[in-house]
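S.K.: The listed protein sequences derive, respectively, from chains A and B. So that you can map any letter, position 353 of the first sequence is 353 in this note's numbering, and since no number is skipped, the others follow by simple counting. Just add 359 to wherever you are in the second sequence, counting from 1, and you've got this note's numbering.
One thing to keep in mind: the hints can contain errors.
Here are the simulated DSS-like pairs of lysine-lysine, each with C-alpha atoms no more than 25 angstroms apart in a straight line [said to hold, decoys possible]: (1) B:K500 with B:K557; (2) B:K500 with A:K3; (3) A:K5 with B:K500; (4) B:K385 with B:K574; (5) B:K557 with B:K385; (6) A:K154 with A:K168; (7) B:K574 with B:K557; (8) A:K5 with B:K480; (9) B:K415 with B:K385; (10) B:K559 with B:K574; (11) A:K342 with B:K500.
Keep in mind that the hints were calculated from the coordinates and are not lab data. Computed from a predicted model, the values in this text were never measured in an experiment.
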Amino acid sequence: MLKIKEGSLQHWAIRIVGFALLALLVIYIPTQSETARIGQFASAFTLIIAAMSLNMVLGFTGQISLGHSAFFGIGGYTAAILIRDHGWSPGYTFYAAAVIAFVVGCLIGLPVLRIRGAYLALVTLAVAVLFPTLLRWKKLEWLTDGAKGIDSVKYDDLPVWPILGELKGRDGRAVFSYWLGLLVLVIVYLVCRGLIRSRVGRSLIAIRDNETAAAVMGVNVTRTKVLIFGISASMCALAGVLATLNSGVVTPDGQFVTLLGSIIFLLIMVVGGAGTLSGPIIGGLVYVWLDNTTRGIGTDSSGVLGFVFGWTDQSPATLILGLALIVIMLFAPTGLMGLLRKLTRRIMTIIPRDISPTQ
Amino acid sequence: MLLDVQDVSVRFGGIVALDGLTFVIKEGDICGLIGPNGAGKTTMFNVVSRIYDPFKGRISFDGHDLLSVPAHRIAELGIARTFQNLALFPTMSLLENVMVGAHSQGSVGFVQAITRIGAQKENRRIRDVSYDLLRDLNLEKLAHHPAAGLPFGTLKRLEIARALAAAPRFLLLDEPAAGLTHSEVDELADTIVAIRDKFKLTVLLVEHHMSMVMKISDQVVAMEFGRKIAEGTPSEVQSDANVIRAYLGGEV
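Could you build the full structure based on these sequences and the hints that come with them?
M.R.: This is the structure we're talking about:
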């Protein structure tokens, strides 16, 4: 087993090689894959962002939310309405969606986060159930187009980005979605990382571990919970904006706008690793891969598979992941990320830097 | 007077947990709070750390009206505490536990954390201070070990380190010797006196180990059924008829 000192030459070498491999992979996918594959990655990025946002609230702060599909929907609808009805440039809708979702998130969080555990789950569940109903509401039809939703959200000219050059046609769109999603994902990841590796992050985990003790240490528990809920909501809205830009459609029945969306975000987060920064990335990739490889399993298969999944013409990915979740919770409560960490620890350990030579 | 408790009463439903408790603590003293189980000692702690609201009475700390301060501002005033049954952050390492203890000593908020402005610098400063505290309590070898699963005595010391990270003037120790062996208790007594002197603390100590309380306290307050039954120097309280009756029962 290797023992490597934090900050040593070897440690940096491993980091740089790891980062370079990741960068290569990220560049390889949109240049060498077929369009459909690129599109799958783009939608994975969207789900990863949503799961990351949920992770901040549930994974790190320990406050369950089943209402994140509503924030996803707020993002999606904000983008659709601003682009179609008000002629906004798509780029600016990210800012608008983030601000709106932050305000809504804080307003919901303020009363809701005073309750804990199962009750909090129930109240946020109500938010998720209520949201699509609100979208269909006759009196809001002027804004949301009611039950049929908003389609043909178009932005004709893709911006010309340096290096990428001019992107054209369906292929170009997929490549653009990929890079846009990746950009937002990286920003959201860095925001999460910044928060977690700071005084704020320590107070979030402290609230999760022991709320009373956190308050005695000087953490303003209510304020911290509400603000992280707001920030999480705005991150989730960014994912919603991406989804709308990718598909051009947003409806009250959309998979991620309804309660099912919240469940999927939750699944991705837990399978990947709750309370870890990179967990949602692994979870999201696994989910989208499963979703696509098992899509036809219900209708196309015969024999046992056809019998088991024959009742659905949809992808059974959620079902499979749900079952996998039970196994994962039993054997790796910290998700795939925790499993990965255990494996790397067999190969090498990073010894933390010596602290403060003052004696 | 650093802490001035006047006529404080706490009720839980029909049960009176504290009944007109009055006492004062001088700056720099170690004050022992003793009494049989259920006397209201921990309730007193929870009132001072603003977890419980008394329905009657006043508490002033260094001239501040303590009861008008919300729980999360207590640390800023310079009050830190440990918990009787441990209230650590089990998923965090020992070092991180102490770093949370230093929450009131930092200033990085959401915006600085996201933009990383000053966050790294503050992390480094707080980590160094926290590591020194771990060293003061002989825990530095376990700095990166998660708090969950360590022996009780170790975690009790971690609680003290975490409380000290808030740079308090007033430290409340809730049964720090509970569950320790004899030699550990002696060691702890020395530690408490040492940190009192090193960090210029005033200490309120709840403890059942009488020998330890009597050895290190400058002043002792004895309680029973939420009331104060005796107060004075350790030897005065030890020979007090009410205290003997409360502990041994029967007539004197």
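S.K.: Now tell me, hint by hint, if it's right for this structure.
M.R.: Right, here's what the structure says about each hint:
1. Among the hinted pairs, K500 of chain B with K557 of chain B is consistent with the structure: their alpha-carbon atoms are about 22 angstroms apart, no more than 25 angstroms.
2. Taking the CA atoms of K500 of chain B and K3 of chain A, the gap is near 17 angstroms; set against the 25 angstroms cutoff, the hint holds.
3. Proposed proximity of K5 of chain A and K500 of chain B is supported: the alpha carbons are some 16 angstroms apart, at most 25 angstroms.
4. Between the alpha carbons of K385 of chain B and K574 of chain B the distance comes to roughly 18 angstroms, so the proposed pair stays at or under 25 angstroms and holds.
5. Proposed proximity of K557 of chain B and K385 of chain B is supported: the alpha carbons are some 17 angstroms apart, at most 25 angstroms.
6. Between K154 of chain A and K168 of chain A, the direct Cα distance comes to roughly 14 angstroms. Compliance with the 25 angstroms bound is thereby established for this hinted pair.
7. A threshold of 25 angstroms between alpha carbons decides the hint, and for K574 of chain B with K557 of chain B the separation of about 19 angstroms falls inside it, so the pair holds.
8. The straight-line distance between the Cα atoms of K5 of chain A and K480 of chain B is roughly 21 angstroms, inside the 25 angstroms bound, and the hint therefore holds.
9. For the proposed pair K415 of chain B and K385 of chain B, the alpha carbon gap of about 23 angstroms is at most 25 angstroms, so the pair holds.
10. Between K559 of chain B and K574 of chain B the alpha-carbon distance is near 19 angstroms, which keeps this suggested pair within the 25 angstroms criterion.
11. Of the supplied pair hints, the one linking K342 of chain A and K500 of chain B holds, its CA atoms being roughly 22 angstroms apart against a limit of 25 angstroms.
This entry satisfies every hint, going by the numbered hints stated previously.
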